[in-house]
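Protein sequence lines, in the order shown, are assigned to chains C and A. The UniProt record's numbering puts the first sequence at residues 1 to 231. The UniProt record's numbering puts the second sequence at residues 1 to 314.
Treat the hints as calculated values from the structure; they're not laboratory data. Careful: at least some of the hints might be erroneous.
[Claimed, not checked] With a cut-off of at most 35 angstroms between alpha-carbon atoms, the simulated DSBU-like pairs for lysine-lysine come out as follows:
#	chain 1	residue 1	chain 2	residue 2
1	A	K203	A	K139
2	A	K250	A	K139
3	A	K203	C	K93
4	A	K250	C	K64
5	A	K67	C	K91
6	A	K203	C	K104
7	A	K77	A	K203
8	C	K227	C	K64
9	A	K77	C	K64
10	A	K139	C	K91
[Stated by the list, open to error] Stretch-level coverage of chain A by chain C, calculated; a stretch enters the list once three of its residues show a Cβ under 8 angstroms from a Cβ in chain C:
#	stretch
11	68-78
12	129-142
13	159-166
14	210-220
15	269-277
16	295-308
These figures come from a predicted structure and were not determined experimentally. For glycine and all other residues, C-beta sits at the position ideal for the given N, C-alpha and C.
Spelled out from the first residue to the last, the chains are:
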Amino acid sequence: MRLGLVIDLDTCVGCHACAVACKQWNTSGTTGPLTDYRPYGADPSGVWFNRIRHYEVGEYPNSKTINFPMSCMHCEDADCVTVCPTGASYKRKEDGVVLIDQTKCMGCNYCSWACPYGARELDRESGTMKKCTLCIDRIYDETLAEIDRQPACVITCPAHARFFGDFDDQNSEVSRLVRERDGMQLMPELGYNPTNRYLPPRINTPIPTEDVRRDSLAGKVKEWVNKAVAR
Amino acid sequence: MHPALSVIFFTVVSGAGFGLYSLTAILQLFRLGPAMDRSELLTALITAFVLIVAGLISSTGHLANPKNAWRSFMRVKTSWLSREAVLAVIFFPFGFLYLLGVYLYGAHVPAFFGLMGLIGIVLGFMTVFATGMIYACLKTMRQWNTPLVPANYLLMGLTLGALFHLAIEAYYGANLQFITGVAGTALVMTGVMKGIYYYWIIKTSGPSINTATTFTRATVRLLDVGHTAGTFLTEEFGYQVEAGRLLMLKALVFGFGFILPLILIVAAAASQGAGFLLATLAVLSSLAGKGIERWLFFAEARHVVNLYHGAQHT
Ligand code: SF4
Ligand code: SF4
């Protein structure tokens with residue numbers, strides 16, 4: 001088995017719901033809590049397994065906003081595991097999930113140096129490294145209904161941009177999606193062979209925008225009033 | 001990369017210690033240079049041990065969870081950090097036996113203790129090599145991912161060791177001709193190697209924002225990083241030095257690290273009486289230069305994760 005995620009860059013709307021669901025589930029999960037620093041201060045920060053960044057691809061006016069969620073790719077050739085001196089980082093043989101044993105980690109940061117995808121974050125409170133577990137405590141929980149045995153991010157995504165499954169199974173949804181829509185790996189040249197794949201945006205005709213600003217006289221007055229009235 | 005002072009101190013000082021130990025043992029065992037007596041050898045070896053131990057202790061300073069530090073010996077098979085830790089520890093019994101031999105028999109150590117000394121030399125070199133490989137094996141930082149890095153670590157350790165050795169010989173009033181030649185050669189070679197390294201890292205190569213996002217046929221521009229304050233990633237990997245300051249610091253590396261010590265040791269060899277003072281100044285100047293060099297080694301390394309935070313190349 002080779003468990004992982006497929007993320008559809010065409011449908012992701014960048015709402016950060018997956019990141020929040022992940023934080024909520026995992027802060028009370030096997031590697032939690034995921035510490036928040038200065039939660040009510042001026043610059044609140046903290047440990048997250050999943051972060052979403054936003055990019056503009058192409059040149060205006062033919063550009064597209066791409067929302068880019070990233071968590072651990074559960075790489076096939078994971079250097080984060082190779083370099084770990086304590087054996088705290090390991091890759092499970094049975095399903096390929098990369099985990100950190102919190103009782104063994106000495107907080108040397110070495111694995112985070114080795115990960116190209118920024119998937120590992122040190123929890124300064126516990127002094128140990130934390131990372132995405134693919135919700136290991138959820139996907140194997142027999143007390144949950146079959147449909148709920150998926151990572152929290154996948155279940156919560158309102159745009160259905162995330163898929164979870166076994167990449168070794170040719171008939172699984174994730175394998176089919178990668179096959180049909182050319183699922184891509186990030187930075188394949190580094191040779192980590194990440195399991196997670198990204199589906200590129202579908203090709204469709206651009207929606208014309210030249211006429212958007214052309215407005216009626218009444219519309220223009222309304223816009224001016226709206227701008228002038230202090231709220 | 002964020003430069004951590006504990007790691008800088010560790011790599012410079014332990015490297016110097018291993019260099020001093022190896023050089024002293026080589027000179028004594030192979031009868032090179034002017035003969036050293038018991039107290040001279042003891043001073044050199046004990047100084048080496050003090051340097052090594054001080055460095056190793058400081059290296060635990062960057063662990064967030066030091067109570068698990070003993071576990072770092074567990075993964076010799078795959079991890080260079082683990083290999084370094086194990087090698088550094090195995091070095092001690094051999095190094096100490098050689099020290100004991102010198103303590104008991106002076107410069108004429110029996111074969112057994114000599115053999116221990118030889119094994120210590122090999123282990124010392126291997127430890128410093130492993131330190132270099134900790135960085136050189138990382139594919140995520142192209143400024144580190146080169147054989148120049150372990151070579152640099154070995155040469156730096158050896159150069160500092162030679163300067164320490166020279167200062168000790170000067171203290172005992174020995175003839176400095178031979179050791180000045182050794183230290184001078186080491187300084188020049190290490191300086192040239194560092195110059196090659198600085199030249200080599202100018203060229204950008206490796207992953208770009210395009211392969212990082214899969215959009216290889218279009219321009220990609222960061223719109224928003226998606227977080228409101230610094231994160232572990234930006235603090236650990238986002239460190240940047242401005243170009244002007246970089247150049248100035250590199251000038252200091254060569255000035256304090258290589259050129260000034262070279263002048264000082266030549267003056268020490270020529271002077272009557274002031275040899276020890278000049279040699280000590282050479283050691284201090286070189287330590288400062290190498291401290292800056294190590295700081296730059298970290299500060300200049302650009303982790304590929306920066307691509308996701310707006311860098312177009314690393
Ligand atoms: S994404 Fe990073 S942390 Fe996850 S397996 Fe790959 S190298 Fe390791
Ligand atoms: S921080 Fe922890 S998991 Fe990472 S390399 Fe160090 S000991 Fe291993």
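Hint by hint, which ones does the structure fall short of? 3, 4, 6, 9, 13 and 15
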